[in-house]
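S.K.: Now for the letters of each chain:
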Amino acid sequence: MRVVPRGALGHHRRAVRGFRLCCVLGVLCLLCLLCAFCGLRGTDAAGATAVGSLFPGAATPWAAVALLAVLHALCGSLTRQPLPGPPAEPAGGLHAIGGAGTPVLLAGAFLLPPAAAALVPVAGALADPGPPARRLGRAARLSLATWTAAHVHASATGLVTGAAPGGAGWPQALAPALAAALAHGLVLGLLDVGLFAAAGRTPPCAGWRGAARALAAPLPLTGVYGLGAATAEALWHSPYGPGTAVLALLPACASGWALARHHRERAAQRAAVGALVQAVGLKDGYTRGHSERVGDASVLIGRELGLTGDRLEALRRAGTLHDVGKLGVPTRLLRKDGPLTPEERRVVELHPEYGDAMVRGIGFLEETRAAILHHHERLDGGGYPSGLSGDKIPEVARVIAVADAFDAMTSTRSYRRARPVPEAVAELRRCCGSQFDPRMVRALSRALERHGWRPGPPGEAPVVPGGHAGDQERGGNVPPAAPGTPPARVPSARPTGPHAAAPHASLPGATSVPTPTPGPPPASVPATGAEPQAPEPQAPEPRAPGPDAPGPDAPAHGVPSPGTPSPGRAGPDDAAPPGAGHPARGPRGGDGR
Amino acid sequence: MSPAVPGPGELRGARRDVPATAVRGAAAVAGATACVWTLGQGVVRPGTALAFGLLIAAGELLRCGPGRRRAPLAAAGSTAYALLGGVGGVGGGVAQTVAVVLVSALAGAAPSAAPGRAAGPAPSTRPAGPARSAVAGVPERTGMFLDRPVRRALTAGFAAVCVETLHPGANPAVWSGRGPVQALFLLGVALLTAQGDALLRAVLDRRRAGRPLGALLREGWRTPPGAGPAAHAAGALLALATATVGLWALPAFCLPLLPGVYAARRFEAARATGRQTAVSLARATELAGCVPAGHPHRVASLSRAVGRELGLSARELDLVEDAALTHDIGRLSLPDPAHGGGEPLPAEERRRIARLGGAVVRQSGAGAEIAAVVERQADRRRDQPLPARIIRAVDAYDELVDGGAPAGPETLDRLRRSAGDALEPRVVDALARVLALRGTAP
Numbered sequence: 009m010r011v012v013p014r015g016a017l018g019h020h021r022r023a024v025r026g027f028r029l030c031c032v033l034g035v036l037c038l039l040c041l042l043c044a045f046c047g048l049r050g051t052d053a054a055g056a057t058a059v060g061s062l063f064p065g066a067a068t069p070w071a072a073v074a075l076l077a078v079l080h081a082l083c084g085s086l087t088r089q090p091l092p093g094p095p096a097e098p099a100g101g102l103h104a105i106g107g108a109g110t111p112v113l114l115a116g117a118f119l120l121p122p123a124a125a126a127l128v129p130v131a132g133a134l135a136d137p138g139p140p141a142r143r144l145g146r147a148a149r150l151s152l153a154t155w156t157a158a159h160v161h162a163s164a165t166g167l168v169t170g171a172a173p174g175g176a177g178w179p180q181a182l183a184p185a186l187a188a189a190l191a192h193g194l195v196l197g198l199l200d201v202g203l204f205a206a207a208g209r210t211p212p213c214a215g216w217r218g219a220a221r222a223l224a225a226p227l228p229l230t231g232v233y234g235l236g237a238a239t240a241e242a243l244w245h246s247p248y249g250p251g252t253a254v255l256a257l258l259p260a261c262a263s264g265w266a267l268a269r270h271h272r273e274r275a276a277q278r279a280a281v282g283a284l285v286q287a288v289g290l291k292d293g294y295t296r297g298h299s300e301r302v303g304d305a306s307v308l309i310g311r312e313l314g315l316t317g318d319r320l321e322a323l324r325r326a327g328t329l330h331d332v333g334k335l336g337v338p339t340r341l342l343r344k345d346g347p348l349t350p351e352e353r354r355v356v357e358l359h360p361e362y363g364d365a366m367v368r369g370i371g372f373l374e375e376t377r378a379a380i381l382h383h384h385e386r387l388d389g390g391g392y393p394s395g396l397s398g399d400k401i402p403e404v405a406r407v408i409a410v411a412d413a414f415d416a417m418t419s420t421r422s423y424r425r426a427r428p429v430p431e432a433v434a435e436l437r438r439c440c441g442s443q444f445d446p447r448m449v450r451a452l453s454r455a456l457e458r459h460g461w462r463p464g465p466p467g468e469a470p471v472v473p474g475g476h477a478g479d480q481e482r483g484g485n486v487p488p489a490a491p492g493t494p495p496a497r498v499p500s501a502r503p504t505g506p507h508a509a510a511p512h513a514s515l516p517g518a519t520s521v522p523t524p525t526p527g528p529p530p531a532s533v534p535a536t537g538a539e540p541q542a543p544e545p546q547a548p549e550p551r552a553p554g555p556d557a558p559g560p561d562a563p564a565h566g567v568p569s570p571g572t573p574s575p576g577r578a579g580p581d582d583a584a585p586p587g588a589g590h591p592a593r594g595p596r597g598g599d600g601r
Numbered sequence: 347m348s349p350a351v352p353g354p355g356e357l358r359g360a361r362r363d364v365p366a367t368a369v370r371g372a373a374a375v376a377g378a379t380a381c382v383w384t385l386g387q388g389v390v391r392p393g394t395a396l397a398f399g400l401l402i403a404a405g406e407l408l409r410c411g412p413g414r415r416r417a418p419l420a421a422a423g424s425t426a427y428a429l430l431g432g433v434g435g436v437g438g439g440v441a442q443t444v445a446v447v448l449v450s451a452l453a454g455a456a457p458s459a460a461p462g463r464a465a466g467p468a469p470s471t472r473p474a475g476p477a478r479s480a481v482a483g484v485p486e487r488t489g490m491f492l493d494r495p496v497r498r499a500l501t502a503g504f505a506a507v508c509v510e511t512l513h514p515g516a517n518p519a520v521w522s523g524r525g526p527v528q529a530l531f532l533l534g535v536a537l538l539t540a541q542g543d544a545l546l547r548a549v550l551d552r553r554r555a556g557r558p559l560g561a562l563l564r565e566g567w568r569t570p571p572g573a574g575p576a577a578h579a580a581g582a583l584l585a586l587a588t589a590t591v592g593l594w595a596l597p598a599f600c601l602p603l604l605p606g607v608y609a610a611r612r613f614e615a616a617r618a619t620g621r622q623t624a625v626s627l628a629r630a631t632e633l634a635g636c637v638p639a640g641h642p643h644r645v646a647s648l649s650r651a652v653g654r655e656l657g658l659s660a661r662e663l664d665l666v667e668d669a670a671l672t673h674d675i676g677r678l679s680l681p682d683p684a685h686g687g688g689e690p691l692p693a694e695e696r697r698r699i700a701r702l703g704g705a706v707v708r709q710s711g712a713g714a715e716i717a718a719v720v721e722r723q724a725d726r727r728r729d730q731p732l733p734a735r736i737i738r739a740v741d742a743y744d745e746l747v748d749g750g751a752p753a754g755p756e757t758l759d760r761l762r763r764s765a766g767d768a769l770e771p772r773v774v775d776a777l778a779r780v781l782a783l784r785g786t787a788p
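Residue numbers (this note's numbering), protein chains in the order written: chain A, 9 to 601; chain B, 347 to 788.
The reader is advised that the hints may include incorrect statements.
[Said to hold, decoys possible] Covered, in the sense of this in silico footprint (three residues per stretch, anywhere, with C-beta under 8 Å from a C-beta of chain A), are these stretches of chain B:
#	stretch
1	612 to 626
2	666 to 678
3	696 to 710
It is worth saying that the hints were derived from the structure and are not from the lab.
By construction, the Cβ of each residue, glycine as well, lies at the ideal position given by its N, Cα and C atoms.
Only chain B is shown next, with the shape it has when bound in the complex (with noise of 0.2 Å):
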């Protein structure tokens, strides 16, 4: 990643984000028009129109994936409303899909917008969002709802358009009459669509991620792996099944879907239980003084900005992020709190502690890798994984700014200086990029 693009610390309240305000813009201005459009013709076959909608409403609803972002019952029944014109045309053309979607998206995504529950839904079951985004100085926004509504709109009239345009009626030269054929240029027509929406999905996001935007395409396109491309093919699927049996079809096909959501969401609720307890476990060493009050948020995110400035991948920033949380565990285990002004604990013992605050982390269900780079922060440098050595430098170089050295580049001399080759010198060199970029303010 080039320094040039800025960390989401220094984007908030910095210049305008022009392609996502214009795709919204586009959206709003398409959405407008789809409505009063449709409005003004009259609802082609409203029954249609209304099962579609429920459907994409509580899809909407029913979400689930990493922080809740994935609406895959959503996804497909909007497909599947822009699809149904290529089926003997039994859809209600380009504005009312628009319109249809729009309306029901927004109706879907409305309770999530309710005051007290803007950071994300269901605090029982809230995932890592929150915690996350404290840490990383990403606050969840609450206009974020309606970048999901835009998203579903704008993807749906696209495959609106590509069927009416590509419909028999009026290109017979593409194909002759119903059947496999057609099927497979309906699944063509989704997974196309589905790209589609990745592309929206990453401009809309690029601000808060705060990476480049192919980097976004790359990470949405491989993980989780084909969920976006699945959900919208069986909106394809949903769409002959409609075409063949009427309306039934999308009880028939919507319910066997719901125990594998339901399934999702308890696995997220799983992966967001390790988490919080690791972050539990972290504010208890600030409770406990065996750490400067702050200490392991301010060391995870320098290290995931250390992170992000050797390349790692989201899931590497991540980890070193969950692991920088959760590294002072096993100082728990002091009798006495030693930081500060106290004299650094010998090696060994440093390696002990390491070793049981792992053992803690491993027993969390925050996961094995975060253990593993827990119980090696403190062994050699050769032995470490790349996560450990960021923690390491990082860790040290906030002992040295809590002692009262001046956060800074100064500093970082110091550090190179004494600690020899304990540190990795190119994980020295991206944490003072990191803070020349952020200038002198810790």
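One chain only, chain A, in its complex shape (with noise of 0.2 Å):
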């Protein structure tokens, strides 16, 4: 069906069938009718009488019924097809637009009394594979389409000129067949949608302008096929004879079974991002994970900025691919234990230009190429690559800087675990203005209260107990600021009360923040004064083995996160905390990772 994925039909099986059937019997219903009203007009009275009321009228072109059934089962065995090429996804969309037999169907509804005109899917629909049931619901939801576009078409052939049908001149024929069409679209989005609503289901239309939307989608595209039915109908009553017109339908035919395909290319965007980052997880594990984050905390900003459509997906690309500059960083400097020397640092810091340049030759990725160059960039001017400052600095950069500063301050690392949202929140607001563009900060703040988070998974314990964040590494990748800033948290100050297990997953005084962690529930939480710093012992595993074979996430809260992303924390990354403030950890000071 042209909504209902395969699997879809689970819950409300029944449901679903007993539409089929009303369907299916309300087409015989109505076939029966037509019939005879059809015999009655036609020239064989017989039609009319009880037996011959079964059939379409006597004077039916069963020759032209049958060639049009068979090249509508032909279009849809070709679109079962696979397409030669590389990306192989499953055939979603079958029937999206009704299927590559649509001018087929529309040709059947202009050329042929009604009746004879819904005979014509039917032999294609039962060809379908599929259970039987399925197979007569495809057939009756066609049929009713094509019988309704036949009659439209014929009363709005009368209206025009008042002649029989196929009598119109053109352009007036054009129409009479774009109403058709019209109506041939809206009953099998009307079809579908009473099928969902019998199934007591609204998942990819809710509501009545999620409805609408979804009716009135393919409607361009049917009235297109109606203008190539009606070119294919003129040729049938020309002289050439009705196998031109059966050859002049196939163009728009395989046009519509290309279409039926083209989601392809969403699938091919995707499968790049997914394999540049799974590149950079070859060298350091933990990106992978972080990426993902960051890229959905940037299109929570861009919500709030307003952004949608393409440019909110160019966003969460940007965000997903800031990092991938890493690829061209040396391996050993990623995973390196220690502090780096400055000219190590310097290296890691050409990752911005080295993201630029892999990203320079994939065409879909052009506009994320700022992001990625200037996502190391400070307000104030401190930043790297370019040193840009305020306004100079790209607006997707600076959402991409206060999404990566916010991940890599919330999520749990081998050397420090991590801090609760409204720590980082408040963290970002510190650095508003110097290093962060205020607007993003308030725009993610918005968009917390709004939506929640849910961070990191909950990795290795810290290695140090009581180790805390230093807040060097709100810099995500930022070099860190003057050492020796005290901690901006007072353990004991925070409110702690009953916030969901994973003590960042809210905000405190966002009551209604809807978690969507579902974490144990709250009584499993040491209620009051909880240290949620503290080293849950739970979770001893200091280091990931590798990036090649990750490490199970231990969960340091005994919150399982399900859904994220389990990447292996090799190693340090970009967030490092000042070796400065937190001599026991100490690992590579503000190595501008």
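Could you use the hints to bring the two separately framed chains together as a complex?
M.R.: What follows is the structure, encoded as structure tokens:
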């Protein structure tokens, strides 16, 4: 069906079947009635008899019906053929627009009496794979739509010319064709909506507006196919014969067939981004989950800023790929344990430029280049690689910088544990103006209040008990500010009420925050004065073995984070705490990654 | 392929391509004559000419297919206008046909010749063109955009001559009156025109592709299956429809084709994305110092040449080249870049790296076949497909040369001695021939 994926029928199978049965019965009744009418109006009065009423009248051009039915069945089987070429995607939208056979059905509706036109799709739909009930349902759905289209065409032609069908000249004949095609698309859409209503589900078209949009979306395409079918109709009646009409239908059918599969492009782009992230993961296991979360956080900010559609998608890509330049940094430096020498830090700080160089050749990533190149710029001009300041930094890059820092602070690393969300936001606020764009930080904070945040999976336990994050880790990949800044956290001062077990899953004061992480009930959390940064002992694993064999993420808080990727947290990364303030950990103060 | 046919690298700036020049010259003369004649005589049925001219120009803008080389709407439009003379004589004659088609095709092709877009249209969805061309040393020439109008004008002229000479008025013996037979005749002419178009395309592309004419012709007919003939046949149907219902047939017939063109472009963009990702990953291995600078591209270009020497088809050559570009991606997982003077990795490690790289390529959507080749590049010879053997041999050779060995046959001999039976002798022989042909220059 149009909007029902194959597996979506699980729960309400009975209701769906009932609806289909109704469809089939309705179509049969209509067919009978219509046959009777055809017979009455036709030359042969025998059509009105009881037996004759089951057939589409004696004057029916059976050869034409058979020809079009075979053509429609061929289109259906063509649609099921796998497309040659690399990205093999399961065909999801098989009937996205009624299938490749839509022009054939419309031509049938224009050429044949309604009852006969309703027979055209039956053979093809019944030949489809699937359980018999589903095939019957398809046949009934298409039959009903074609029958309606034929009726609309007949009456519209009568309205336009006052003559019999087929008698209208061009361009007058185009209006009935368009009307009939739109009726065809509308009936298909209404049947789908009805199917969902019968099944008690409204997933793809929630609400009236969604339903209206789902109804209207395929209509232009159906109208265009109606034009093709009208051409075929004209050729059918021309001296060149029905053969040319059938041939003229083929290009339109091929067009529909190709369109039914063009969603591969999106899949290819997803695959490309995935491959780049996976390649970074070869070098540095932490980055993968981090990249995806930065993409999510960027989208949160972007939505608050009023971005929609493609621009939002581009922002997600930019966030996901912001660290792709790490591919160019020697793996040794990415995984290095000790502090980096100035020389090494300089090498690491090349990664935005490497990222830009890598993305340059990939067409659809062209717009992410600015974000990748400038995501380490600071508002005060102290960042790298270009030292841009203020509004000279591209807006996308300012978004990514905030998202990057936020995720770096709220995810647990091998050398320190995550900070709670409110604290991270406070830290971001503190650095507004100097490092981050206040607009982006405000947007992030608003979005978090509205949607909550699912932080990275709790990683390994902190190496140092009680170790807390210094302010430098706010920088995601930002070089540290002056070392020795006192940590901006007072352990007991934080509201540690019964917020979700992952202490950073919701904001204080945001009472109605939907927490996406289904954590254990609040009762399982020490209610007051819980020091969430105290190291939970059940996760003593200091470091994952390596990026190639990501260690299982030991849940530091005992909170499983379903649905979140679990990258091997191998090696330190971007948000290194400053060595000066935390001598016990002291890894690589602000290596600028 | 015989060694006498030089590769694309050698062809540039070498002797002139006589058949292509002759074709272009003929088209220029015919086009100029037709334009002068038409202007002198006055345009017959200017409305029809204008409508079809607009269709052809729009069709030239809406190109699709590999490298945006196909313009099905323009092909259909020009054939239809040429065939109009065969259906009730609503056409404008041979000269006017050639003139209208040439002018409108030129107008449609002009935007793609604008500065900055010479290499290919629409940078955001630019297909494999630039990357592949850069690798294979086949630059897209700016003058290439003239070849399409040349082809359009010549094929349209051919079709017009066919229907005008066999027109019922001119030759009543062929058939009598309108009817299915006439439709069949037009379809036949259209298919013949399609063959002529393929021939012209092969002649004009021969030099750029660096392949013999016969192979190009065969490929033109094989891939993609029947796209050219289908477009010209659609032109015949469009002519019939125009004769039946007038100029309204143009939008009614062509609008349903737009979704298909759109889908084809999107499909090409998807393929290009996979390839660009592979190239970008190859660049990453260079940036990271996993491989010497230029190594992936050198291996890719040499592997392609060896594959051509071994007689692989164009599709297989693309496969070899893509796999060669990405063959070292797995090395990104090495903590320390090991190349050049570093001791060679143990076989197990090489295999592990190859598997990792193959997994990334598989994920990138560049194609499962490419991924399989990348995965198998370090396997034993009998487990390897031919592309993997080619890449293995060329990779080993390039590593030796990069390590300081002189480029040329003596290094190849050393390779042959040291590698034992890890390398396919057939491939190494082909590599030797390629190197001999190229001289000692790398």
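S.K.: Are 3 or more residues of the stretch 612 to 626 of chain B near chain A, judged by a Cβ distance of less than 8 Å?
M.R.: holds (count 12)
S.K.: Verify this for me: three or more residues of the stretch 666 to 678 of chain B with a beta carbon less than 8 Å from a beta carbon of chain A.
M.R.: As far as the stretch 666 to 678 of chain B goes, the hint holds, because 3 residues have Cβ atoms under 8 Å from chain A.
S.K.: Count residues of the stretch 696 to 710 of chain B with a Cβ under 8 Å from any Cβ of chain A, then say if the count reaches three.
M.R.: holds (count 6)
No hint from the list above goes unmet by this structure.
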